[in-house]
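Same order as they appear, the protein sequences are chains A and B. Number 21 in this note's numbering belongs to position 21 of the first sequence; there are no gaps in the numbering. Take any residue in the second sequence, count from 1 to its spot, add 1000: that is its number in this note's numbering.
Rather than coming from a laboratory, the hints here were simulated on the basis of the structure. C-beta atoms are modelled at their ideal positions from N, C-alpha and C, and glycine is treated no differently. Don't take every hint at face value.
Below, a sample of chain B positions facing chain A; criterion: calculated Cβ distance under 8 Å [claimed, not checked]:
1. E1036
2. Q1088
3. L1089
4. T1098
5. N1101
6. K1113
7. E1140
8. E1153
9. L1219
10. I1222
11. N1250
12. V1303
A few chain B positions that, by computed beta-carbon distances, are all more than 10 Å from chain A [what the hints assert, rightly or not]:
13. R1057
14. G1114
15. P1256
16. L1327
17. G1333
18. V1348
19. P1354
20. K1362
Output of the computed footprint for chain A on chain B, the stretches with three or more beta carbons under 8 Å from beta carbons of chain A [said to hold, decoys possible]:
21. 1142-1150
22. 1167-1181
23. 1284-1297
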Amino acid sequence: MMGKAGFCLLAAGALAFGSAIAADARRAMPVVSDEAITRPGMPRTLEDYQFFIHADAQMPTMGVEPYSLNTPLYSDGADKLRFVYIPAGKQAIADGEGLLQFPVGSALIKTFAFGEGEDRRLIETRVLLHREDGWIALPYRWNEEQTEAKLALVGARLEIDTPDHGTISYRIPNKNQCKQCHSIDGTLVPIGPKARNLSHEWLDHRVATGQLDTRPEHSDILPDWTQRDHAPADQAARAYLDVNCAHCHRPGGTASNSGLDLRWEQQDLTAIGIMKRPVAAGRGSGGLNFSILPADPSRSIMVHRMRSEDPGVAMPELGKSTVDEDGVAIVERWIAEMK
Amino acid sequence: MKTLNGMCLAAGALLMAATPAWAETITVAAGEGAQERLQEALILAEPGDEIVLGAGRFTLTDGLSLDVDGVTVRGAGMDQSVLDFSGQLGAGEGLLVTSDNVVLREFGVENSKGDGIKSKGADNIVYYKIRVEWTGGPDEKNGAYAIYPVESENVLVDSVTTIAASDAGIYVGQSKNIIVRNSVAKYNVAGIEIENSYGADVYNNLAVNNTGGILVFDLPDIPQQGGRDVRVFNNIVVDNNTRNFAPEGNIVSEVPSGMGVMVMSHYNVEVFKNVFAENATGNVLIIAYPNETEDEDYNPLPVNVLVKDNIQGRAGYKPNMDGGEMLAAAFGGTIPPVTHDGNGTDIVVQDGVPVLTLGYTKPAQPVTEAKPGIVDLSGDADKPLSLKPIVLPEAMEAVVKQ
């Protein structure tokens, strides 16, 4: 076990005292460590990147820009704080309504937290780093004292008190599990920052600062999830499925073999599940015949699996310990309205 | 900090450069912290490494995964090193492999909540002397597939044992160039299933006490379809009379209990030199896809199926199909061991036994339109076998000689 990478990890551990020395100085305005992002290896602490002025308060330093998504991914009700870092002088390229193409050296940072104000607890911060040889995903776990987040290569399972669901068994994904969602044809890619799911205002700001080449025509088209009750059910539901399911349920994704393709742009009715029989669902089918049976959400496998907390049945397979009642409600409404 | 960190990385690079290029053996013992220790080994492994599982029970709470090419995971034996997923809280399978040139050998997997071992897009994978079992026996709550390679090229499943999967014990889907041999499948819904695949040899296996012994299927609305070129030979397929405990909705839930070999849709299938006996519904069933489908690219009919030189033991004495009891009565208590639904082209049966036709003229016809009767599908002359044997890369075959 102690060969190769293992040695470096030990060495890094022995040198970790260095972080304490620099702590005060950094409060002024740390400079993001481009080396930590781009050099081979796996930095042992979140602090190594210097993304934050006050990490516990999630106050980003210069060049680390917060962003939000119109329709976000559900993660057991965790609050998520998202940031993007693009190296100075470099620029992301818009690709239609799809994923912004970030230059090498960029980082996407997402912190998961539960609770409000003083009670807020940071659980984990996941980083996606764009290196010369592609993207790498690493999970960092916050300590009890909320002073430091350490690399959690193998993930973790924790008991967490949540406002909505009481105590839950929360899973920090391991490095491989990061890739299970972030993979297309075996290559790791970001999921969230697609132009269609980002606001015009935010995109315009990036263009103004030179961090993005242009605001693409079809941007900001996914509905605002907080306003979903006022959106057409098909729009809100398809946006939800795109954001929560389509990273796996798409060609080249982890669930490609199912033939279910839940991307926003997919227009084929069978491909999105309507009257589609299951392929390898096993007991996930729940004794039902179709992913979506129009007008009958209670006999649609999609709803059955979204409603389940039972591993082997529950969808999504990862990052879900609790049912997203709001998500289920919108998908049920969409199916119920089908003729 | 930056400097210090940089130094560490540099030191790391030096150490890596100093590491000999030969493969390492990483031993992981059973016991406390197995989830973290084993998963860490699977993540930090490098191509060529062998991860050795100690004897004993590895108690796991989450799915494991391997995404590094060229890694061997070797246990002390399928009953000696056991990955126990009875307390699993997350993930869709016990072990997931997504890298190429991986060898899994000599360990067991028990009671995973979803599938047992899944390998997806994992070319040149070898499963050798693996056991995947749900220890409570047949149950709707068991995982779907025990051994589940999918979307892969070059698959070798050799000397494995699968027990009580609620779908298929050994399921190879949407793959190319496959061998399944020397294996035991028992008390599963489907013992062995080859689905939507191109080129498979299934031989020297024992399929016993499943709902259906060996299935060769092609299904619609799936990325890879037009399944073709499958040989099923030298297998012992007996006593597959376990009730169908697959959840409805899955295609195998439509497999009648008491089935030996079943071919559905599919091109070019040869079933020969098998031993069939005591399959209450029948030894061989050849049918079209029975459900409605709007998939225009899909051919629901079986095309070019040859059944010959099998030993046809007792079968058809309690057919579990619509009107089965009446049919059996009409044939003096036992229907013929081979049944064809009437659909498809070039269906030849040269086993010297009577063949029952259901007399359908198109797929998905209602049972009320069936016109059962005896049919002669033996053709004019002895039809030779024509499918070529599957050849796997030598390195894969070398694994099972070690």
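Does the no-contact call for K1362(B) survive, Cβ to all of chain A over 10 Å? Check passes; 19 Å lies beyond 10 Å.
Do the numbers back the hint for L1089(B), that is, is its least Cβ distance to chain A under 8 Å? holds (6 Å)
Quick check for students: does the CB of V1348(B) sit more than 10 Å from each CB in chain A? For V1348(B), whose nearest Cβ neighbour in chain A is about 30 Å away, the distance exceeds 10 Å, so it holds.
Supplied contact hint for I1222(B), tested at 8 Å Cβ to chain A: Status holds, d = 5 Å.
Are T1098(B) and chain A close enough, Cβ to Cβ, to be under 8 Å, as the hint says? holds (7 Å)
Can we keep the N1250(B) interface hint, with Cβ of chain A closer than 8 Å? holds (5 Å)
Looking at G1333(B) again, its CB stays over 10 Å from all of chain A? holds (34 Å)
Minimum Cβ-Cβ distance from R1057(B) to chain A exceeds 10 Å: holds (19 Å)
Consistency of the no-contact label for P1354(B), given chain A and a CB cut of 10 Å: holds (34 Å)
Given as covered by chain A, does the stretch 1167-1181 of chain B meet the bar of three residues or more with CB within less than 8 Å? holds (count 4)
Hint validation: E1036(B) versus chain A, beta carbon distance must be below 8 Å. Holds or violated? holds (5 Å)
Would you check chain A against the stretch 1142-1150 of chain B, counting CB to CB pairs closer than 8 Å, and say if three or more residues qualify? Our answer is that it holds, as 6 residues pass the Cβ test (under 8 Å) against chain A, meeting three.
In summary, the numbered hints that this structure violates are 5, 8, 12 and 14.
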